[in-house]
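Let the sequences and hints guide you as you build the complete structure.
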Amino acid sequence: MPTYSLGLIRDLLGGELDGNPELQVTGLKRLEDAREGELAICLKPRAGVDGQRIAATALVAPSGLPLDYPNVIRVENSRTALIALLDLFYPENGRPSGIDRRAYVSDRAQVAAGAFIGPGAVVEAGAILEAGVQVHANAYVGEEVVLGEGSILFPGVVLYKGTKVGRRVRIHSNTVIGSDGFGYVADEAGVLRKIPQKGGVEIGNEVEIGANCAIDRATLGVTRVADGTKIDNLVQIAHNVEIGRGCCIVAQVGISGSVTIGDYCVLAGQVGVSDHVSLGDKVVIGAKSGVMRDLESGEYIGYPAISAREARHAYPLIARLPELRKEIRSLEKRLAELEARVGTVHSAVEDLDSVDGGSAE
Amino acid sequence: MPTYSLGLIRDLLGGELDGNPELQVTGLKRLEDAREGELAICLKPRAGVDGQRIAATALVAPSGLPLDYPNVIRVENSRTALIALLDLFYPENGRPSGIDRRAYVSDRAQVAAGAFIGPGAVVEAGAILEAGVQVHANAYVGEEVVLGEGSILFPGVVLYKGTKVGRRVRIHSNTVIGSDGFGYVADEAGVLRKIPQKGGVEIGNEVEIGANCAIDRATLGVTRVADGTKIDNLVQIAHNVEIGRGCCIVAQVGISGSVTIGDYCVLAGQVGVSDHVSLGDKVVIGAKSGVMRDLESGEYIGYPAISAREARHAYPLIARLPELRKEIRSLEKRLAELEARVGTVHSAVEDLDSVDGGSAE
Amino acid sequence: MPTYSLGLIRDLLGGELDGNPELQVTGLKRLEDAREGELAICLKPRAGVDGQRIAATALVAPSGLPLDYPNVIRVENSRTALIALLDLFYPENGRPSGIDRRAYVSDRAQVAAGAFIGPGAVVEAGAILEAGVQVHANAYVGEEVVLGEGSILFPGVVLYKGTKVGRRVRIHSNTVIGSDGFGYVADEAGVLRKIPQKGGVEIGNEVEIGANCAIDRATLGVTRVADGTKIDNLVQIAHNVEIGRGCCIVAQVGISGSVTIGDYCVLAGQVGVSDHVSLGDKVVIGAKSGVMRDLESGEYIGYPAISAREARHAYPLIARLPELRKEIRSLEKRLAELEARVGTVHSAVEDLDSVDGGSAE
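Protein chains in written order, with our numbering: chain E, 24 to 384; chain Y, 24 to 384; chain W, 24 to 384.
It is worth saying that the hints were derived from the structure and are not from the lab. One or more of the hints may lead you astray.
It does not matter which identical chain is meant; a pair holds if it fits inside one copy or across any two.
With a Cα cut of at most 20 Å, we get these calculated DMTMM-like pairs of lysine to aspartate or glutamate [stated by the list, open to error]: (1) LYS221 / ASP110; (2) LYS187 / GLU350; (3) LYS217 / GLU99; (4) LYS221 / GLU61; (5) LYS305 / GLU265; (6) LYS217 / GLU39; (7) LYS67 / ASP304; (8) LYS221 / GLU115; (9) LYS52 / GLU225.
Only a predicted model underlies this, so the values are computations on that prediction, with no experimental measurement involved.
Rendered as structure tokens:
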């Protein structure tokens, strides 16, 4: 682990240093893990920090954080600072390159000089691998797949025939792209006949896709993930889905066939979206929600998903349903009693009326 | 892409042509993608179609669709027509065959002539691969696995020891069949002791299984998926589950241990079924539902799943719980006021009574 | 399948035999599958058993089960008995060992004598494989990975660089451990910049992990699964999660970043836990629940998860919301009528009052 002075780190982060700029730190850790001689980073902007339990020699902390500690570098955005610090303390190794002799690469594939193809990887005929591409061990690149400059397939990734992947895309292990969409027609006897899936998948530039995801090819046309979108692990993207730019699709989300999602949307973990639904730009869906209709920009939660503001009032009331029912029961009883009494009063008044009437006559 | 006349296509589909039977089209596209010279297909039977925005030379459309366009072939079922058109415009290539020299095939495996075993695939001792079987790159066929005629394992599929697969089954990439069921017994100290999983898995004929699924072997006996059932991506099927014929199991469904599912059931995306639950034939479960008890034929939604008719009334009311609670509060207030007033009236009447009684005396 | 006498089996299980100890049985089956000559095991302690439909020659059954059958071995805990019987009837084969010539093992990896490395498996530089380790076909062991004594990677498992795995751990096919955590920072333009993920993953001893799971490396520090925890298929464990000892994490659970889970917890199928949530020891979460806040020891269900006792009363009332609303409507109507009548009565009484007052005067 390299060693740096606090002055150098302050300058790198553009922060302010309370403490000794000559002091050297030799490793970057989380607050709770850091030991003497190391630099720790505080990520939670609001949480109080107990200075006495910190062993780190110096801290990087958000400017707003209440904190009394010798040697603190204050930064505006601690997550941006984290990126710079990780790059500083964990510099990237050189990229691997070359074709392992245990890989299978078709004579009819085009592989740029400097690309890496690991042991057991398979590259089929017609595939195009641009400069700096890495296809790690046991990954599979089907016929006519295109992998743009600098893209990486981690071990075990499978790209079916014809999948197009942009530049600087990272696809984590055992993710499958381009498998058949789930399309059948039931005949009169209920037998499910397969609709051949003949479309493709196109992944934009700077996309990252987690482990064990499944993105299906379109029936006709293209399933599409646009530039800069990030996809977590175990996500399902069905045939003919179109996802815009800069979206975050968190783990275990399921997006049904022909869904359209705009730019800069966030789908939190385990969300499901029904087929043919269309989401606008900047739609944010809370974890575990089920989206069953088109939604405009805004925040939504629940099953069915409603505006987050409504949902935060409504969902906790499920727990109070037994109490609400009890209140209704109690109102009913009180009302029935009152009705009986008013009935009595009423007849009493009617009696009085007639008495009165009688007496008036 | 091949070229066909509208007359030929009409005859193939058994439809009716408004337009010129001699006209040639050279590609099949979705309505929104088709360009001049191409054939487009309209799949939504009810949606209006804006003729002016269509660039296709000819359309295939359901007979009921309101549509004014030159050169339309009308068909009864556009999805059945789609299958025929996809087969016409995208004819299947010849099947691959032969054993790649980078595959490992045990001397004690039986492989029919004409089977395909791709680079990096592994076929263990005692496995039986019938005619036309395809085991693609890096797939794994364990000991004593049987793969029936024409079945296909896409790259990276893993079949553990003893898994039996029927004929014309398609299993997509990185799906795992026959891994251990999730069975443990906690001892007095809370330590979980593994229950050995010694049963198997049997997959029927014409089953299709998506990418990245997991189907566990039975503890004893067999986990079973019957003929013609179709399973989407990322589906979990636990030990000792039995699924009937012609079912649709949509993406990310989880079926717990020892569940029994009848024939022609549909489980929509992200559904969960509790262990030992039994579903009859033709049970349809809506997306994201949690099934916690046995269900007869019918449609169900929700958590816990209830009849869909009920659920469609009930679930949207969650959003209105704050309003319902407000109404209850308001009723309570009005009732309390009324009680107070009726109390007054009542005493007033009682006063009157006594007055009146007094005066009558 | 081996043959044993009922006397031997009784002694092995420490049970009581009603029947002939000399009688031989030749296979172990589930009650419904067993045929003459075989031993069947009844696992459900309470379910009635219809003796007439059993074909087995002898039964192993829990002592409490009402059952009239010749040749029954009564045991206290039928699941513990099942483990002993499975070990008896299905003895483990010898472990495989040796390095397949189609495997790739770096010169700089340390592989203990007797370890097994299957065809197509890859072991990178700096990896350490202790005694009895099995790395099956096409699995991937990244740089500096440690695999403790007796641990098994089934075909297609991927361990990214630096992952530490304890002793006697079983990891099922196509599970991915150590892929990048899902961490980005949006810049002013909304572009998501990747936070490099430089921490690791540590898996304790006697852990079992199902098929197609994803466990991400920490950003800094370690994602940890402690000794004896069992994880089912298709589970997502995000970066910096810490899971205690002896937990059961059932299929398709999703655990968000920086969640802490105590010892002996059970998360049932499809549960989701929000990021930074902390669960105590012995927390049990019901299937499909969404946990959004810290929870102490106890049982919880629902979305948001509440105490199971509350939830069992509350959730079924969702189905009755339309009815509750109708009751509220009806109360409102009755109350309005009553208010009108009381208003009338009131004025009548006021009239009477004045009349009465008048007459009194």
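How the hints compare with the structure:
1. LYS221 / ASP110: The answer is between: 10 Å across copies meets 20 Å, while 42 Å in one copy does not.
2. LYS187 / GLU350: neither (60 Å within a copy, 56 Å between copies)
3. LYS217 / GLU99: between (56 Å within a copy, 18 Å between copies)
4. LYS221 / GLU61: between (55 Å within a copy, 16 Å between copies)
5. LYS305 / GLU265: So LYS305 and GLU265 pass the 20 Å test inside one copy only (15 Å; across, 32 Å).
6. LYS217 / GLU39: Neither: 64 Å inside a chain and 24 Å across chains, both beyond 20 Å.
7. LYS67 / ASP304: Neither, since 28 Å and 25 Å both go past 20 Å.
8. LYS221 / GLU115: Cα proximity of LYS221 and GLU115: across copies only (10 Å, versus 40 Å in one copy).
9. LYS52 / GLU225: Between. Shortest inter-copy distance 17 Å satisfies the 20 Å Cα cut-off; intra-copy 38 Å does not.
Hint check: violations occur at hints 2, 6 and 7; the rest are consistent with the structure.
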